[in-house]
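Asker: Work the whole structure out from these sequences, hints included.
Heads up: the protein sequence lines correspond to chains L and U, in order. If you read the first sequence in full-length UniProt numbering, its first letter stands for residue 1, the second for the next number, and so on. If you read the second sequence in full-length UniProt numbering, its first letter stands for residue 1, the second for the next number, and so on.
Honestly, the hints are just simulated from the structure, not real lab data. Remember, it's a predicted structure, so these values are computed and weren't measured experimentally. Every residue, glycine too, gets a C-beta built ideally from N, C-alpha and C. The reader is advised that the hints may include incorrect statements.
Said to hold, decoys possible - Short, incomplete list of chain U residues facing chain L, as computed with Cβ under 7 Å:
#1 Val94
#2 Thr151
#3 Glu175
#4 Ser178
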Amino acid sequence: VSKKKKKNSELFTLTYGALVTQLCKDYENDEEVNKQLDKMGYNIGVRLIEDFLARSSVGRCHDFRETADVIAKVAFKMYLGITPSVTNWSPAGDEFSLILESNPLVDFVELPDNHSNLVYSSLLCGVLRGALEMVQMAVDVRFAQDTLRGDSVTEIRMKFIKRIEENLPAGDE
Amino acid sequence: MAIFSVYVVNKAGGLIYQYDNYVPRAEVEKTFSFPLDLVLKIYDEKLVVSFGQRDGIRVGHAVLSINGVDVNGKYTAEGKDILEYLKDPANYPVSIKFGRPRLSSNEKLMLASMFHSLFAIGSQLSPEVGSSGIEMLETDVFKLHCFQTLTGIKFIVLADPRQSGIDALLRKIYEIYSDFALKNPFYSLEMPIRCELFDQNLKSALEIAEKAGTFGPGS
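Answerer: See the structure below:
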C-alpha cells in the first residue's frame, strides 16, 4: 500500500513558472529556453522512469500502441493527475498524438507577445524522451498544438524512431 | 539474521553498491608455540593454510590477525613479513587468528561483473525470447536472488535458503533506489551509490524482511 502524498499543486505551478522565467532572463532567447527546458526534462525523465517502473507493475510494452496507452493512462495519471487521449495514429503506427484537455503546468499562465516562440511546457517533451530512452526506445517528442499559443487544445506528437540496441538488458530481443 | 548481502549492478556490469548485512565467519584464534604445526603459503597476496587442519582451522583459511592485530596481506600491521616472523622462536608463544579470507572490494567488483556476464549468457541460452534472465542461484548454504529492471539495473540479494519474501524485498530495494539514489540530484546515474539515506533505508528494509520471513519449509 503506497501512501500518496498530497502536494499543493499551486506550489508546483509556481515552481515551474519561476524556472521558466529565470531561464528567459538567463538566455533572452525563446529557442534557447525551449532547448534548456527539454534538456532538464530529459534529466528528469531518465530518473523518473525508474520511479515509474518501481511503483507501477507495468511490464515491457510489446509495441508502440501499448507504449502510448501506458504513457497516457498510467504515467500521466500518476504524475500529473490527467489522462490525455491517444489519437491521430500514423498509418505505419509509428506516430501518435496525446491530446491534453488540461495541463497542470500552465494553470494561470498567459504567454506575453514578446515570447511567442516559447514552448512553455517543453520540459514534458524532454521527460518523455529521457524516460523512453532508458527502456531502449528512441522517440521524437514535440508540441504540435499549445493552448498557450492560441490553439484550442494542447497536442503532444510522439514519433517512434528506433529501438536502441546498445546496452540492451540481457534477455531482450 | 538470514540476509547476507546486497549487490547493485549497473547496465554495464559495474558494481555500484554493495552491503554485507551478515556474513557468518568462522574465525578461530589460537595460541601456538614454536614450531608452528601448520604449513602456510602465500596465495593471492594472502597467507593461507596449505596443510594441517585442527581445532576448526581449515585448509584455505587465511591468517587474519597476529596477537590481536589485523594483518595486512602477508605482512603484519607493522610491515614485517609474517613467514619470517613465524620462523623466529623468539616470537613465540604467538596468538594467530585464522578464518575464511574476506572478499576485497576489487574481488567483489570482479565477481559482480562476472555475474553480469553469466546473466547475459543465461538469457541467450533461453529457448524463449524475452527471458527474465537468472532469477535465482541456489547452493546448500545460500540462495542468490536477482532482479533485472527494464532499464538494465540488477538488484542482487544473497540470503539463507530458507529466507522467504526476497522477491518483495528486491522490489522494495528498487523503490528505495528510485527514491534515495535517483531523486538525489547529486547522485550521477550508473555511478557508485554513496547516499546515506539509501544506506539507512536499505538497512531498515532488510531488517523488516528478515523479521517477516520465516525459516520453515514451504513458506
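Asker: Are the hints correct? Go through all of them and say.
Answerer: Quick rundown of the hints versus the structure:
A cut of 7 Å between beta carbons decides the hint on Val94/U: the least distance to chain L is about 50 Å, and the hint is violated. The criterion of a C-beta within 7 Å of any C-beta in chain L is met by Thr151/U, whose closest approach is roughly 5 Å, and the hint holds. Among the interface hints, the one on Glu175/U holds; its C-beta lies about 5 Å from the nearest C-beta in chain L, closer than the 7 Å criterion. Interface hint at Ser178/U: satisfied, since its Cβ lies 4 Å from the closest Cβ of chain L, which is below the 7 Å cut-off.
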